[in-house]
Amino acid sequence: MSNGNIEDYDFYRKYFKKESLVIAVDGGAFHLRNLGIKPDILLGDFDSILKEDYENYYKAGVEILKFPEEKDATDTEIAIDEGIKRGLRQIILMGVIGSRLDHSLSNVFLLKKILDNGIKGMIVDTYNEIYLIKDRIKIKKEEGYKLSLLPATDKVEGVTTKGLYYGLNDATIEFGSSFGVSNEFISDSAEISIKKGLLLVIKSRD
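Going by numbering that gives the first Met the number 0, the sequence shown opens with residue 0, and the numbers climb by one from there.
You may find that some hints are simply not true.
To be verified - Label pairs and their in silico Cβ distance ranges: (1) 187 <-> 65: 43 to 51 Å; (2) 170 <-> 18: 35 to 43 Å; (3) 51 <-> 116: 30 to 38 Å; (4) 195 <-> 51: 49 to 57 Å; (5) 127 <-> 165: 16 to 24 Å; (6) 47 <-> 169: 42 to 50 Å; (7) 116 <-> 194: 18 to 26 Å; (8) 69 <-> 108: 17 to 25 Å; (9) 69 <-> 169: 29 to 37 Å; (10) 7 <-> 99: 14 to 22 Å; (11) 88 <-> 127: 20 to 28 Å.
Keep in mind the hints are simulated off the structure, nothing from the lab.
Using N, Cα and C, we set each Cβ at its ideal position, and we do this for glycine too.
Please model the entire structure based on the sequences and the hints provided.
Given below as structure tokens:
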């Protein structure tokens with residue numbers, strides 16, 4: 000959990016399981032406090048965390064990993080590295096989309112690091128689920144949501160879909176095109192497969 004925009008705390012509760020390793024990334028500790036969830040790890044340079052949150056988690060025995068402010072990676076990337084090191088099979092990033100476009104895009108790009116390490120990755124906020132794939136994915140339909148396919152490489156080849164209104168069969172989508180934006184579900188789930196490249200799959204609502 001990072002320190003980006005969180006509007007509806009109840010929306011996020013379904014993503015926390017009993018077996019989850021919960022990492023509070025700096026000021027993201029505030030969001031976890033509002034959710035009533037104690038993190039397993041608190042990490043960052045602590046330039047945005049509230050003093051009371053730090054002190055409360057310290058007293059509660061939460062594992063604390065402190066890093067310098069001047070470093071070559073964001074706190075969110077360091078949290079991902081920690082998850083990789085601890086052998087996680089899935090990493091869900093929350094609170095990573097906010098008003099700073101540079102940070103938001105950087106966090107989307109960090110899905111590649113997760114993918115490169117053979118881990119399932121997802122960014123979630125109140126309006127979006129964001130995935131990066133190199134082969135295939137199945138996405139469940141939810142009322143009010145649309146699905147967009149955006150190339151994350153120069154082009155993505157062999158794009159085939161099932162369960163979408165605008166179907167694709169062995170198509171190529173080039174970077175810099177809006178070709179794959181805002182498709183509609185026509186079944187309970189959609190399947191997307193690609194043969195070459197990296198594809199952002201975004202389920203989103205207004």
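Check: Are residue 47 and residue 169 spaced within 42 to 50 Å by their CB atoms?
Finding: 46 Å, holds
Check: Is it true that the C-beta distance of residue 170 to residue 18 lies inside 35 to 43 Å, as the hint says?
Finding: With Cβ atoms ~39 Å apart, the hint holds.
Item checked: Outcome for the supplied range 30 to 38 Å, where the beta carbon pair is residue 51 and residue 116 -> Given a distance of about 35 Å, which is inside 30 to 38 Å, the answer is holds.
Next item on the list: Mind checking the hinted window 49 to 57 Å against the Cβ distance between residue 195 and residue 51?
Entry: Since the Cβ atoms of residue 195 and residue 51 sit about 50 Å apart, the hinted range of 49 to 57 Å holds.
Check: Do the Cβ positions of residue 69 and residue 169 conform to the proposed distance bound of 29 to 37 Å?
Finding: The hinted range 29 to 37 Å is violated for residue 69 and residue 169, with Cβ atoms some 48 Å apart.
Next item on the list: Just tell me: holds or violated, for the beta carbon distance of residue 116 and residue 194 against 18 to 26 Å?
Entry: 22 Å, holds
Notebook entry, point to check: Does the Cβ-Cβ separation between residue 187 and residue 65 fall within 43 to 51 Å?
Noted result: 46 Å, holds
Notebook entry, point to check: Measuring from beta carbon to beta carbon, are residue 7 and residue 99 in 14 to 22 Å?
Noted result: 21 Å, holds
Notebook entry, point to check: Per the hint of 16 to 24 Å, is the separation of the Cβ atoms of residue 127 and residue 165 within bounds?
Noted result: 20 Å, holds
Item checked: Hint check for residue 127 and residue 88 - Cβ pair distance inside 20 to 28 Å -> 22 Å, holds
Margin query: Between the beta carbons of residue 69 and residue 108, is the distance compatible with 17 to 25 Å?
Written below: 21 Å, holds
Hint violations for this structure: number 9 only, all remaining hints satisfied.
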